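K.L.:
Since the structure of chain A is already known, use the hints to place chain B on it.
Take a look at the letters that make up each chain.
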Amino acid sequence: MKLIIDNLHLERGGKFLFKDLSFCLESYKPIIVMGSNGSGKTSLLRCISGLLHSTSGEIYSINEKGEKIEYLHQCNYSGHKLAIKNELTVQENIIFWSRYYKKEINKDLLIKFKLDSLSDISVGLLSFGQMKKLSLIRIFLAEKSIWLLDEPMVGLDRESQEVVKKLIEKHIDLGKLIIITTHTDLKFDNQILLSL
Amino acid sequence: MGTYLAIIKRDLVISYKDGDHIAMGFGFFLVIISLLPIGIGSDIDILPKVGPVLLWIAFLLTTLFTISRLFKDDHVDGTMDFMIMDSAIFEIIIICKVFAYWISITLPLIIVIPIMSILLNISMDLILPITFIIFISSPAFVFIAAVGSALTLGMERSGILITILILPLYIPLIIVGISATNINVIGINSYSVSVMLVSGFSMLSIALAPFLISLILRTNSY
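Top line first, the protein sequences correspond to chains A and B. Heads up: the first sequence at position 8 corresponds to 16 in my numbering, and the numbers run straight through without jumps. Heads up: the second sequence at position 159 corresponds to 140 in my numbering, and the numbers run straight through without jumps.
Take these hints with a grain of salt, some might be off.
With a cut-off of at most 35 Å between alpha-carbon atoms, the simulated DSBU-like pairs for lysine-lysine come out as follows [unchecked claim]:
1) B:-10 <-> A:184
2) A:122 <-> A:173
3) A:76 <-> A:37
4) A:115 <-> B:-2
5) A:111 <-> B:-2
6) B:53 <-> A:122
7) B:53 <-> A:120
8) B:-10 <-> A:122
9) A:89 <-> A:120
10) B:-10 <-> A:178
11) B:-10 <-> A:111
12) A:195 <-> A:111
13) A:111 <-> A:10
14) A:173 <-> A:152
These are computed hints drawn from the structure, not numbers from a lab. These numbers come from a predicted model, not from an experiment.
Chain A with its partners taken away, still in its complex shape (with noise of 0.2 Å):
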């Protein structure tokens, strides 16, 4: 499978934030974006995902055989909203999202990432580093072929950072595909540097 971005043209507020932008999302080949504050990189994400409704320009899934396909439902985005709710417990929120994605609870990594301890503690009451990582969970729980992942590292402690490293580098290893905005200095094997 591969997602086409296609001469891509993004307006907001009367100023272009992308123009011509084409490029192809393919499997074992990363995308990282980079670029300044505003330069654009979220609204792709949010292009991409659907939820931003490009100027001109198309985005496209083709299969193996070259035939046109559907993602979206095979996306999974995560940005600056964690999409977590404050009034359930870390545990409620992860409960929602198996039910919801129809996924068993990888107990492991809530281990890894620590938050086993606090599955009973309401979501307002963590930190902000916590709360990125339960909403992490929820892209993780539902093993989607396609992530996007908007700056996914912000408010990480280092040690949380490598566990998101290697679950990024696994999903790359089994064939999907991965685009991440960021502004820290990532790494991955083929990787594809997209500047804006």
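P.N.:
Quick look at chain B alone, frame taken from chain A:
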């Protein structure tokens, strides 16, 4: 099915944990109803005549007052984003969210309507027909209000705006519903026709509103 049950359960748990919203709706309903007898004063004969109308108006205003948060929290915390991306099931997700709202806010109001009717000195033989027709019309009330909630997503003081935008859509429902509450005058046949009409409004709302809400929320997912 698990996905939908998970959404309903999650929304119910949040509603009951964050109980002030339920209490506010419930309190608002009680305040409107209890103020009228105070305003009317000693003329107790007027109460049974205006009581059913008051129940409808209080029910409507409480729905409009409490619905503004239906999509707001999911929009603010980003949950709406991943739900929109599951495009094939988004309309069903909307139905689940409205259903959870109906259970947590609307159903308790319907349950207390018989007690409120006694407080308003409404004749005992009218209490069941009034409660029943409000119950039947409640899906229309909630789904139409949910459209307003989606339209005003991201706006401050959206409760007032929902009321202004959506109130005209309730006029047919209210005319039919209130006329049916006078069952002693219109007779059982006319009451049955009103019940069928109100059921029609409700079914139409359930069928159309999720698509309309889905379109509005997708357009607003900037």
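K.L.:
If a hint holds in the structure, say so; if it does not, say that too.
P.N.:
Each hint tested on the structure:
| no. | hint | in the structure |
| --- | --- | --- |
| 1 | B:-10 <-> A:184 | 32 Å, holds |
| 2 | A:122 <-> A:173 | 16 Å, holds |
| 3 | A:76 <-> A:37 | 20 Å, holds |
| 4 | A:115 <-> B:-2 | 26 Å, holds |
| 5 | A:111 <-> B:-2 | 26 Å, holds |
| 6 | B:53 <-> A:122 | 31 Å, holds |
| 7 | B:53 <-> A:120 | 33 Å, holds |
| 8 | B:-10 <-> A:122 | 27 Å, holds |
| 9 | A:89 <-> A:120 | 23 Å, holds |
| 10 | B:-10 <-> A:178 | 33 Å, holds |
| 11 | B:-10 <-> A:111 | 17 Å, holds |
| 12 | A:195 <-> A:111 | 29 Å, holds |
| 13 | A:111 <-> A:10 | 25 Å, holds |
| 14 | A:173 <-> A:152 | 17 Å, holds |
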